[in-house]
Structure formats: C-alpha cells, structure tokens
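K.L.:
Below are the chains, spelled out letter by letter.
Protein chains: 2
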Amino acid sequence: MKLITVTMIAAMTLNASSLVKTAQESGLQAIPTSKVELMKLIDNPKNNITDEKVALGKQLYFDPRLSKSGLISCNTCHNLGEGGDDGIPAAIGHKWSANPHHLNSPTVYNAVFFDAQFWDGRDPDLEKQAQGPMQAAVEMSAAPEHVQAVVVSIPEYVTEFKKAYGKNVKITFEKIADTIATFERTLVTPSPFDDYLNGDENALTAAEKKGLETFIGVGCATCHNGVALGQSMNMLNVTATYKHMSVGDFTGNEYGMVKVPTLRNITQTAPYFHNGQIWSLKEAIVEMGRIQLGTDLTDEQATSIETFLGALEGRKPDISVPMLPASTATTPKPDMN
Amino acid sequence: MKLITVTMIAAMTLNASSLVKTAQESGLQAIPTSKVELMKLIDNPKNNITDEKVALGKQLYFDPRLSKSGLISCNTCHNLGEGGDDGIPAAIGHKWSANPHHLNSPTVYNAVFFDAQFWDGRDPDLEKQAQGPMQAAVEMSAAPEHVQAVVVSIPEYVTEFKKAYGKNVKITFEKIADTIATFERTLVTPSPFDDYLNGDENALTAAEKKGLETFIGVGCATCHNGVALGQSMNMLNVTATYKHMSVGDFTGNEYGMVKVPTLRNITQTAPYFHNGQIWSLKEAIVEMGRIQLGTDLTDEQATSIETFLGALEGRKPDISVPMLPASTATTPKPDMN
Numbered sequence: 002m003k004l005i006t007v008t009m010i011a012a013m014t015l016n017a018s019s020l021v022k023t024a025q026e027s028g029l030q031a032i033p034t035s036k037v038e039l040m041k042l043i044d045n046p047k048n049n050i051t052d053e054k055v056a057l058g059k060q061l062y063f064d065p066r067l068s069k070s071g072l073i074s075c076n077t078c079h080n081l082g083e084g085g086d087d088g089i090p091a092a093i094g095h096k097w098s099a100n101p102h103h104l105n106s107p108t109v110y111n112a113v114f115f116d117a118q119f120w121d122g123r124d125p126d127l128e129k130q131a132q133g134p135m136q137a138a139v140e141m142s143a144a145p146e147h148v149q150a151v152v153v154s155i156p157e158y159v160t161e162f163k164k165a166y167g168k169n170v171k172i173t174f175e176k177i178a179d180t181i182a183t184f185e186r187t188l189v190t191p192s193p194f195d196d197y198l199n200g201d202e203n204a205l206t207a208a209e210k211k212g213l214e215t216f217i218g219v220g221c222a223t224c225h226n227g228v229a230l231g232q233s234m235n236m237l238n239v240t241a242t243y244k245h246m247s248v249g250d251f252t253g254n255e256y257g258m259v260k261v262p263t264l265r266n267i268t269q270t271a272p273y274f275h276n277g278q279i280w281s282l283k284e285a286i287v288e289m290g291r292i293q294l295g296t297d298l299t300d301e302q303a304t305s306i307e308t309f310l311g312a313l314e315g316r317k318p319d320i321s322v323p324m325l326p327a328s329t330a331t332t333p334k335p336d337m338n
Numbered sequence: 002m003k004l005i006t007v008t009m010i011a012a013m014t015l016n017a018s019s020l021v022k023t024a025q026e027s028g029l030q031a032i033p034t035s036k037v038e039l040m041k042l043i044d045n046p047k048n049n050i051t052d053e054k055v056a057l058g059k060q061l062y063f064d065p066r067l068s069k070s071g072l073i074s075c076n077t078c079h080n081l082g083e084g085g086d087d088g089i090p091a092a093i094g095h096k097w098s099a100n101p102h103h104l105n106s107p108t109v110y111n112a113v114f115f116d117a118q119f120w121d122g123r124d125p126d127l128e129k130q131a132q133g134p135m136q137a138a139v140e141m142s143a144a145p146e147h148v149q150a151v152v153v154s155i156p157e158y159v160t161e162f163k164k165a166y167g168k169n170v171k172i173t174f175e176k177i178a179d180t181i182a183t184f185e186r187t188l189v190t191p192s193p194f195d196d197y198l199n200g201d202e203n204a205l206t207a208a209e210k211k212g213l214e215t216f217i218g219v220g221c222a223t224c225h226n227g228v229a230l231g232q233s234m235n236m237l238n239v240t241a242t243y244k245h246m247s248v249g250d251f252t253g254n255e256y257g258m259v260k261v262p263t264l265r266n267i268t269q270t271a272p273y274f275h276n277g278q279i280w281s282l283k284e285a286i287v288e289m290g291r292i293q294l295g296t297d298l299t300d301e302q303a304t305s306i307e308t309f310l311g312a313l314e315g316r317k318p319d320i321s322v323p324m325l326p327a328s329t330a331t332t333p334k335p336d337m338n
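Residue numbers (our numbering), protein chains in the order written: chain A, 2 to 338; chain B, 2 to 338.
Here chain A stands alone, though its shape is the one from the complex (with noise of 0.2 Å):
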C-alpha cells in the first residue's frame, strides 16, 4: 500500500511538472510571488503606485458622492465582496438605467493585467478607464466638474491628496481617476493555480490538474492566457456567433472583436458572457467550446475544465471599509434627476 502511494505521488509529481511546462508553453502565466516581480506587472511608470494613493483611492472607489446621486460608487457595480462585481446580468446605474448594449460590469479583481479596458477594449489602462463609468449617464452620471468639486469640498480629501502628489497638486477629475485606479491596481487575488506554477506541486487536487490539461488539451488557453487568463481580442463575429447574442446590441470593436474575459475568480462572477446571459459556469463552458473553438466538449472535459477554474479563485486582499470624511457646506447636493 505505501509502495503505490509512493508511486502514485512520483508518478503525480512527473505528471505536475510537465504539465507546469506545457501550462507555461501554453502562455498560462503565475501572479508572482516575489512583490518585485509583481510590482514589474501591476504598476504604472507614469503613476506609480504608494500607500498614500492607494489609501486614498480606495476612500475614493467606495465614496457614492462621487456620482450625480451621491448613491452609486465605483462599488456598487464592481462590489469587491461580491468578486468584484455585480452579479446581475446588465449593469445598472443612474435611475435604475440599464446599460443600452446590455453589457455586464467586469471583475475590477486583476483588472490591471489586462492592456486594453472595457469590453471593446478601447482604453488601455486602469487610470484612463475609471473616468468612463463616472461619466456615462447611465452609470455614475457624473461631469468631471462634480467629481472635481466634491472632492476638493472635502479637507480630509485635499490634505490627502497633497500627502499623495504633493503640496501643489492640483486635484483634478484626470487626477482622482488615476488614484481610484492606483488603488484598483492592488487588487490581484493569487490562487491555488499561482501557487501551483509557482512550485507548489500539491496546490493542486489530482482532479485540477486533470481540468488544466484538458483546458489546454481542447484549446482554451488559446484566448484565455497571460496572467490574467484573458487578454486578447478574440475573432467573433459578435452578432452571429453567440446563442444568446438576442440580448443587447454590442458589436465588439471596430472590427467585430471582443475582449477575453479574464478566468480568475469565475467561480464568483456569473452571470457570464458580454450580456451576462449564462448563469451557469459548465453551459458557459460548452457555449465556448462550440463557438470559439468548434468543439462539441463531452460532459466529462466540460466538468474537468470547470474544476480547473475553481483553481483560480484567488485570495482576496482584506479590505477594512473606508470612513469617509462628511461632506461641507460647499459639497455639491445629490442629484435624483
């Protein structure tokens, strides 16, 4: 008996290490451990990341008097404990607007590996992209003229960013997009997979290691690669090739292509898809295979798959809520209309 253990382990343990190779060859990519390394990946040359901005960021991500109604904040459609999204199907934001191309909010978790923000990908960074939502009348419905006035209304806020960028700053709608994105830049979420391509050989269950290799056995990491296992735009014809492309009317970028969604954390972000209108993660599965990859997935490489992706559900980084400082008598009034 302790003589095929030790085998199976061996045998295991071979199995791991080829398969972290073919895992790597894939383009499949670890969170590093090393804070150096990572820091490589998440930060911003033009911004860098420090305590300050970060702490201050995040007062700014979770303060709803940033939008017209001093009810929505970056929060509430990219709910850091809920994966860090909505979990509804279509965004919905100022007077319960549905988004008009029906388009699900993102995970804000590890949205920094990604080089092109938003489902067209039209902005290439964090910074530029936390202006958009603020703005769009159906999200926080905010001119970057009330952003501008609420944050500068407020000591705490002005004191802190003078701490961040120094005593001359000015605090600008530009500025405080870049501090919620500083913040934002922070929250990559390292799982049992990043441990496992890390050298953690048993960070993986046999079963896990099983679903890895049949997601790249059948063609996934084809698109979904990179540390975010997501990343590219993807060839679709978006108006013909999905089953449920009924709902909403996006048609990707100018070219009719779609950003890769990253996988980490998709245990946690359903509904699934640009229009959010698959709920489960195994139908998410099939539907990918038979679109992108022209594969009619088996019951089994479905379910193998989908265990793998429970792999990469990350720790999440503890995040005490924010005391926001109270608003001041020049502090813009919530607007319902």
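Note that these hints are calculated values from the structure, not bench results. Just so we're clear, the structure is a prediction, and the values are computed from it rather than from any experiment. Any given hint might turn out to be false.
The list makes no distinction among identical chains, and a pair is therefore deemed to hold if it is satisfied within one copy or across any two copies.
Distance condition first, Cα-Cα at most 30 Å in a straight line; then the derived DSBU-like pairs of lysine-lysine [claimed, not checked]: (1) K96 x K164; (2) K163 x K211; (3) K317 x K164; (4) K317 x K334.
Using the hints, position chain B against chain A.
P.N.:
Just chain B now, kept in the frame of chain A:
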C-alpha cells in the same frame, strides 16, 4: 505663568466635575467602557449576541442578493462608511423609487440604544426593524420567500446558520432578520463625550464643555437624552411646526409624534430631520431651538452647541468588507422590475 495654568486647570476640573453631574442629572448617559455593562445595553435576551451570529449577520448586511434586484443591500442606505446612512435627503430604493413620505434614512450606528425604531417608532427593536426595509417595495422590495430562498440556496450560509443557531435551525425570514440585527447591535461608537462622562476630564476641550453646558442649559437634553442622546417620542404637531414640513407627508405616529433621532455622529449624517431638508448642522440647531424650545438661540449658543456635537463623533468599529459566498444554480435570479 505656571501658577496661572495650574489655577486654570483646577477651575476646569471643578467645572468639569459639576458638569458631569449636571449631564447625568439631565439624563445623558455614556456608552459604558465595561463590556459587561455594555452588553446589558446592547444584548437581546431573546437573541443573544454571539461571534457566529455577528459574522454571519455582517455578511447578510452587505449582501445585495437579499433584495429583489440583487443590487441593494442594507449597507446601500445605511452605509457604514458614511456615518451609517446614505447622505441624501430621502431614501431611494428599488427601481429608483423615492420614499413616498420623503423620509430620511436614519443611521444604523447606535440604533441599538433605541427602544423604538423607525421615525414613527413603530417597531420595538432591531430584529423587528430589519424585516421592514427588505420587504418595502420602495426599498429592497424582496418577498420574505425571496430572502429565505437566497440564503438557503447558498451552502456556506446554511453552514454558518447551523454554527450560529445549532444543527436543527430553521432558516426563516425572521431568523435572517434576527441575524442582521445581531450584527447591527454591535455597531456602537464611543466618542470623546463618553470618555468624558466615564472620567477622562481632558477628553473634551474647554469649548466642547461650554457647548455641553449650553446644550443642557437651553433644554436640548430634554429630548436628546439617554445613551442615544435621542430616544423619546417627541411631542410634535408634525404638519404645522417644521419650517420645512412642506416636503413629505409624514404625520408621525398615531399621536402625531416623531422619534427624536440620536445626536451621535450627527456631524456625519447630514442632511437633517425626518425629511432631510436641512444640510447645515447649525441651521438645524437653530430650527430645533425655535420649534422645540420656543427659543431664538443666539449665534454664539448655536455655535457652542455645534462644537459640543462634534464631540459625539464616535470611534467606528473596524469593519472588513465581507467576502460573500457565490450563488448557486438554485439562487433566485435578480429581477430589476
């Protein structure tokens, strides 16, 4: 110089001691420092506070899936980062519904000290109160069956309920509300004022002590007393007396009376009054003097009282954002309509 300082300190100490007595005689009570004494005030003998219930109640408090839309949690209107309320005049809920009576969301911090909940005081405790907003069509708009079905569909919640209440627990809507209330019972915020009443003579500045004297002297403590500094139902002909009563149709309880809100953290919970029509704390103080005390407070008196109220800004518990367990195939889907 030294002599003068010592004399001044002696005088202040004398004043302070007699001021503490005056405060106590006026019915003002500190949040006790002793845990045993505090538990006497916040525990519910029918629903004892335990760590397991608090941890679970906290998750449920932050879980928007309890609402019909999947978008609104208790924390949406009683935002723990925003002084425990929403910072807008009147509550906005499901489908952007305005509160039909234009009622302002009260803070959840220290709400445990009230023996009457809601502006008309209709519910006796937080356990009963918590059932209201979940069901109200203009708030979370969820049928009790929905709330129950969401919780029961999530295995992690079921496990936690068993831990909290025993293996044979029946997870009912009432039990869920009880659990949320248990978390809310822990949301107390000791302030410099409490430190002062509890014996730290230096916890209040001279100006704050003077403010406290004024507060008691002009009669504020007649209604704003007890641990909550608020609590009794106030004799009030709601339809006639408030300067800003033109907004909303709230007529108080069956006797035309309205609950006296807590003054704890009042610097963080603008706008003020049951209809949220006054943004300036000083203006609110003057208005209360006029309506409730029949007095035109001088600017000096109003400023002095405002200074004292600043000393009621309490130390908030450190609350980490709870990571919510994922939905399952049987979790009711969000309904935006």
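K.L.:
Let me make sure I understand: some of the numbered hints might not hold for this structure. Which ones are they, in numerical order?
P.N.:
1, 2
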